[in-house]
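Can you make the complete structure from the sequences, with help from the hints?
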Amino acid sequence: MPDSLHVKVFRFNPDRDVEPRFDNFEVPVFDNMALLDVVMHIQNCLDRSLSFRFSCRIGMCGSCAMYVNGRARLVCRTQVSSLRTQDITIMPLPNFPIIRDLVVDMAPFFEKWKKIKPYYVSNKEISEPVVVRPGSGEREIIDDMLDCITCGCCYSACSMVATNSEYLGPAALNRAYTLIADKRDAIRVERLKTVDRSYGVWRCHTQFNCAEVCPKNIVPTRSIQNLKRRCVLHKFGIVK
Amino acid sequence: MDVIKADILILGAGGAGLFAALHAYDRHPRLKIVIATKGLIGKGGCSRMVQGGMNVVLNEKDSLENHFLDTLKGGGFINNQALAWTLVSDAPKAVYELEVKVGCFFDRDEDGRIHQKPFAGQSFDRTVHVADLTGIQLISRMTDQIFARNIKVFEETRGLDLLTSKDGHRIVGALLSDIRTGEIFVVNSKVTIVATGGCASMYKISAPSFDKTGDGMAICFRAGAEFVDMEMVQFHPTGLVAGRSRLNGSLLEEGLRGAGARLYNGLGERFMERYDPERLERSTRDRVARSSFIEIMAGRGTVNKGVYLDASHLGAEFVEKKFPGMVERVKDIGKDLAREKVEVTPTAHYQMGGVCIDAQCQTNLKGLLVCGEDAGGVHGANRLGGNGICDSTVYGRRAGDTAALLALEEDLHPYQEAEAEKMRMRWLKPFLRERGENVYEIRSEIENLMWEKAGLVRTRLHLQEAAYHLENLIQKIDEASVADRYLARYNMEWNHIIDVANLITVCRMVVNAAKCREESRGAHYREDFPETDNENWLQNIYQKKGTAFQLELTKKPVLLSHFKRENIEDCFFERVKKKRTYTESCDGSTCL
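Chains as they are written, first to last, in my numbering: chain A, -14 to 225; chain B, 43 to 634.
Keep in mind that the hints are not guaranteed to be accurate.
Coverage of chain B stretches by chain A, computed from C-beta distances (three or more under 8 Å per stretch; other residues unrestricted) [claimed, not checked]:
| id | stretch |
| --- | --- |
| 1 | 178 to 186 |
| 2 | 275 to 286 |
With a straight-line Cα cutoff of 20 Å, these simulated SDA-like cross-link-like pairs (lysine to any residue) come out [as the list claims (entries may be wrong)]:
| id | chain 1 | residue 1 | chain 2 | residue 2 |
| --- | --- | --- | --- | --- |
| 3 | A | Lys99 | B | Lys143 |
| 4 | B | Lys135 | A | Arg169 |
| 5 | B | Lys373 | A | Asn202 |
| 6 | B | Lys347 | A | Phe15 |
| 7 | B | Lys373 | A | Ser66 |
| 8 | B | Lys471 | A | Arg33 |
| 9 | A | Lys102 | B | Arg191 |
| 10 | B | Lys377 | A | Pro200 |
Residues of chain B clear of chain A, computed beta-carbon distances all greater than 10 Å [what the hints assert, rightly or not]:
| id | residue |
| --- | --- |
| 11 | Arg69 |
| 12 | Thr128 |
| 13 | Glu225 |
| 14 | Asn230 |
| 15 | Asp318 |
| 16 | Ala340 |
| 17 | Glu513 |
| 18 | Gln581 |
| 19 | Lys586 |
| 20 | Lys597 |
Keep in mind that the hints were calculated from the coordinates and are not lab data. Glycine residues also receive a C-beta, built at the ideal position from the N, C-alpha and C atoms.
Dropping the structure here:
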């Protein structure tokens, strides 16, 4: 490992700056250093006016996604050593409005999340936890897909989101799948209609941008393909 | 200043705050409910970071009485028994609601029913979970339910102070600050629920999310709320050792020890054999953490001042399947949890102490409800693993129900503009000076001070020193300045000054109560009073703000509503006997 890193940080304050700029910092390296340690060092010791967002620091909350060396990542879960270079460029997530410096406004992401009705609707006939044997296949691949921490990495990496502001995006569609495939949910068919649109599942061109960057190793493309199949079967009248 | 009127204001959006909002809304959907959270909705705080799971009695072979007794035993019998009983008896309802109404799906057993795994300090395997990262699902699904309802959410908006009515007896809302714009505004409400979490982050090595800085507790303290047993801070035995990285102190979940993982000191000895020969690594958190700490302090730790956690004998495949999140976390520091031993250290984790509440979450101040980690009394001197999220959900539900009832009964009382303005000016002070103290230096001073003087092993002298230094630090934080004086928009440094001011407020209560309790019990260990003293100390310590920001402290005997003194003596007798065996079997100097 080198002794120090050359870090370029994106700076922009919509209240004051006409256009964004990059500031350069030299940051000393230590063992087990994550990118979060890098931005915290800059903020605490080198330039206290820097803004970024974080919370849990262990990859569970999805607050600290940034665009580092050309890729969306959770900075708390990215070890500096894994970048294999001394030169680091840190920018806010693409496809989001900027609040200040590295902090983005997640509203567009959550507006789309809300569009698919992301909430479970309880079935009146179910009054206690259902019996589901682990190997029964009843849950399909739902449980693999439920680990989403809504960090927005997939949304920022998706080239279809970048070119179609209406497209629901990978995370929302993945959430839709986990509900539509959940036999306990009461409005599965209604929800299927919300995704069976041009700017719903059909906008996904299976480029796997989302899967490449997902810090939880989810493959939203898989959920989306699964939804496409369901949509077609639904049109044939074979409701699953 | 903008003023927003609401029926119910909730500060905090972890398990407690979210459940409170859902329950209040579902009781009366016409109520105007406002939630303010310091982070993004559903992302701040520790409920989301829950790994292990939630204790609940679901199996007919288990019983509420067993869960209750485990909770009291774990808590050194100074729990508020009415609150502990409510915890265990409401827990099954909370879990059912999470599954059936909120839409969570807990891991299943082979027979298709909810799986329950072993946790430390429990007489029955009763922890329900979603693999080893349970909180993600709990909080994500609750957040989704918030989206389904007409509940106003203010993200990245923090409570600064509670507002009082003219007669001073009632809380009528809060002064808040929008972190994104720096604007300060008022929410005038009939009922205010505080659920922002504790601040174990006052210690150098700690597990909570960084945004938890005891804001709610400090806010309540300034408003005159009464606190109980603030000396009780839990240290989790297995925090990851990761040097200067922010990963340092993050948790490796208790289920690992539950499943049979072992602890070794630097000499390769399985040291728990000496401290709790019967329960070994599955002893309660307080004992395991303190044992590790004593080993490390006696020079029997690892090079990096830790001990080893070894799960490799459980079989790599088993560990990888059951604890994927933990394996991945350890991988970040270049180690393989499934195949080798990993260095761990005790890490500050949870505050058992907090604002005094009754089973309806009401405090000594009208119009103020408190739930979750901000409240005290449920867990006594030590919380069992798995009882934390149980507390947040059980009492979050109750706070929501109570708030809905109160909001229908009460009128909206006006706030005092002069009071709000005075508070606003106080918080804006860092912008007014050109030069001042550096908040980050103050923060690390606090963390070191608390770790060294008021941590796992305490003495009167150290606590006196801590109290003295804290008074200085209060002065210092009052003189802190911000580098970016012209911009309050997403000003991290300014927010950190507020964080640290709150943190110190809570630290003072912790140190003051720790000084007072001259015995050892649960998480509180006094080297100068190493024995548990049931004769004099089956007592709770109460504190609130006195004149001129001083602490007013009183003691009251524990109310033994369910379990009487005799039962307690029996349980302690068992433990004392065990301790003697250990003292005889080792050479003395570092024994408990």
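Against the structure, the hints:
Three residues within the 8 Å Cβ limit are the bar, and the stretch 178 to 186 of chain B against chain A gives 5, so the coverage statement holds. Using a Cβ-Cβ cut-off of 8 Å, 3 residues of the stretch 275 to 286 of chain B lie near chain A, which meets the minimum of three, so the contact claim holds. For the hint pairing Lys99/A with Lys143/B, the CA-to-CA distance comes to about 18 Å; that is within 20 Å, so the pair holds. Our distance criterion of 20 Å between C-alpha atoms is met by Lys135/B and Arg169/A, whose separation comes to about 19 Å.
For the given pair, Lys373/B sits about 15 Å from Asn202/A by alpha-carbon distance, which is consistent with the 20 Å threshold. At roughly 17 Å between alpha-carbon atoms, Lys347/B and Phe15/A fall within 20 Å of each other, so this suggested pair holds. About 13 Å separates the Cα atoms of Lys373/B and Ser66/A, which keeps this hinted pair within 20 Å; it holds. Of the supplied pair hints, the one linking Lys471/B and Arg33/A holds, its CA atoms being roughly 17 Å apart against a limit of 20 Å.
Taken as a hint, the Lys102/A and Arg191/B pair is honoured in the structure, with Cα atoms around 11 Å apart against an allowance of 20 Å. A distance of roughly 19 Å separates the Cα atoms of Lys377/B and Pro200/A; the hinted pair therefore holds under the 20 Å criterion. With a minimum CB-CB distance of about 17 Å to chain A, Arg69/B clears the 10 Å threshold, and the non-interface call stands. Every Cβ of chain A is farther than 10 Å from the Cβ of Thr128/B; the closest lies at roughly 22 Å, confirming the non-interface assignment.
The claim that Glu225/B lies off the interface holds: its Cβ sits roughly 12 Å from the closest Cβ of chain A, which is beyond the 10 Å cut-off. Asn230/B, annotated as away from the interface, keeps every beta carbon of chain A farther than 10 Å; the closest lies near 26 Å. Remark: the non-interface label on Asp318/B is consistent with the geometry, its nearest Cβ contact in chain A lying 29 Å away (cut-off 10 Å). Every CB of chain A lies more than 10 Å from the CB of Ala340/B, the least distance being 25 Å, so the non-interface label holds.
Residue-level check passed: Glu513/B sits 25 Å from the nearest beta carbon of chain A, beyond 10 Å. Even its closest Cβ contact with chain A, about 36 Å, leaves Gln581/B beyond 10 Å, as expected for a residue assigned away from the interface. Against the 10 Å criterion, Lys586/B stays outside the reach of chain A, whose nearest CB is about 30 Å from its own CB. Distance to chain A confirms Lys597/B as a non-interface residue, since its nearest Cβ pair spans about 37 Å, more than 10 Å.
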